[in-house]
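Enquirer: Chains as they are written, first to last, in the numbering used here: chain S, 119 to 289; chain D, 5 to 204.
The set of hints was computed from the structure by calculation and includes no laboratory data. There may be inaccurate statements among the hints.
[To be verified] Partner residues are not named here, just some residues of chain D that face chain S (Cβ under 7 Å, in silico):
1. GLN39
2. PHE43
3. TYR47
4. VAL50
5. GLU57
6. THR60
7. GLN61
8. VAL65
9. ASN69
10. ILE93
11. HIS95
12. VAL165
13. GLY167
14. ARG192
15. ARG196
Each residue gets a CB set at the ideal place from its N, CA and C atoms; glycine is no exception.
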Amino acid sequence: MEDHFLNGSTPAEEDPAVHRALATLPAFAPGPVFEDRVMSRVWRPLPARLRELVLAWRDYVDSGRVYGPLGALAVGALIPLGVAIGLVATFSTQIGSFLAWLVGVGVPFAWAMARADIAEVVSTVNAYIAALFPSGTALMVATIGSVLVLSGCTLGLYRTMNPRGAMRHSR
Amino acid sequence: MHTPLDLTGVTDQEVVERAGTGSEAAYRELVRRYQRPVFSLIYRMVRDRELAEDLTQETFVKVLNAIDRYRPEYKFSSWIFKIANNASIDHLRRRELDTLSLDGGPDAMTPDRVQATSLQLGDGAESQLEELEARELGTQIERAIGALRPEYRSCIIMRHVEGRAYDEIADVLDLPLGTVKTYIHRARAELRESLGSLRG
Chain S
119 MEDHFLNGST PAEEDPAVHR ALATLPAFAP GPVFEDRVMS RVWRPLPARL
169 RELVLAWRDY VDSGRVYGPL GALAVGALIP LGVAIGLVAT FSTQIGSFLA
219 WLVGVGVPFA WAMARADIAE VVSTVNAYIA ALFPSGTALM VATIGSVLVL
269 SGCTLGLYRT MNPRGAMRHS R
Chain D
5 MHTPLDLTGV TDQEVVERAG TGSEAAYREL VRRYQRPVFS LIYRMVRDRE
55 LAEDLTQETF VKVLNAIDRY RPEYKFSSWI FKIANNASID HLRRRELDTL
105 SLDGGPDAMT PDRVQATSLQ LGDGAESQLE ELEARELGTQ IERAIGALRP
155 EYRSCIIMRH VEGRAYDEIA DVLDLPLGTV KTYIHRARAE LRESLGSLRG
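All chains should be modelled from the sequences, with the hints used to inform the complete structure.
Expert: Put into structure tokens, the structure is as follows:
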């Protein structure tokens with residue numbers, strides 16, 4: 119790209135003084151630790167070695183060489199599945215009877231046991247509460263008292279941390 | 005940590021490619037190559053060394069953190085100058101708004117009142133650093149460049165200080181080629197006038 123003025127003459131011909139002055143302008147440099155300051159804030163994508171591994175893996179996939187090992191892995195995963203299906207087919211009668219027993223007897227029995235245990239725990243807790251607080255009125259008064267004491271403590275703490283007038287003097 | 009890898013003779017595109025693989029040496033090489041031109045451009049635009057250093061740092065951090073999005077069909081120098089120029093122009097626009105708010109209090113209706121309520125910036129003795137800045141930017145030509153409109157200033161610095169081609173300047177500033185030529189022509193005319201009047 120030629121450096122011409124709009125009227126066709128070069129700047130050096132038309133503007134020797136300006137051109138000379140512009141040619142004397144120096145390049146400025148930032149401070150001595152500038153490079154390290156920049157580098158401390160730069161996030162580099164991946165370490166070079168790891169990047170190379172990723173690229174090698176992509177190359178391996180793109181070339182189609184990965185499909186052999188992947189196929190072997192898939193077959194390997196299918197073997198235990200086939201074995202499981204074979205076992206179920208062989209012992210189908212026994213498995214059916216076991217499931218019928220489980221639904222008819224096992225599960226209802228386990229549920230009844232669990233209910234009995236839960237009921238026992240609940241009655242124990244009730245008895246414990248009744249022993250600690252003889253009347254419902256005493257329990258209510260204790261609760262209200264606790265709430266009032268807690269509110270008073272919170273208010274006191276707030277006043278201590280924000281003394282009167284503190285907000286007026288700060289910006 | 006410096007990696008002992010000499011990239012001085014390697015093209016920008018190749019260095020960027022290596023930076024894309026995470027090579028620290030490549031990142032440092034890009035900083036070393038462009039820190040002076042980018043800093044010079046920003047410094048001449050904002051005329052404050054500390055601020056210029058901050059904006060230069062922001063420019064590099066932005067560019068290097070987005071290195072994987074760099075498109076090799078564009079010049080790396082155009083990309084980094086574009087970000088540097090945008091950072092400078094954004095700052096100048098913000099400062100212009102701030103300056104308006106300093107020109108007298110909101111209730112000042114008369115010139116006297118405006119004078120009385122204006123914030124006096126730069127009162128008192130200048131620090132050594134400010135003196136140094138004033139000296140290095142104080143030559144006739146630097147003053148004349150500082151008086152140009154920001155668009156003219158970008159164009160003239162990139163053309164005559166950094167030696168960039170017109171079409172690259174057009175890319176950097178997102179302007180048509182003809183507009184860039186016109187800006188440079190007008191900037192030179194203003195510089196000629198300023199230098200002439202300074203010589204008296």
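Enquirer: Looking at the structure, which of the earlier hints fail to hold?
Expert: 4, 10, 11, 13
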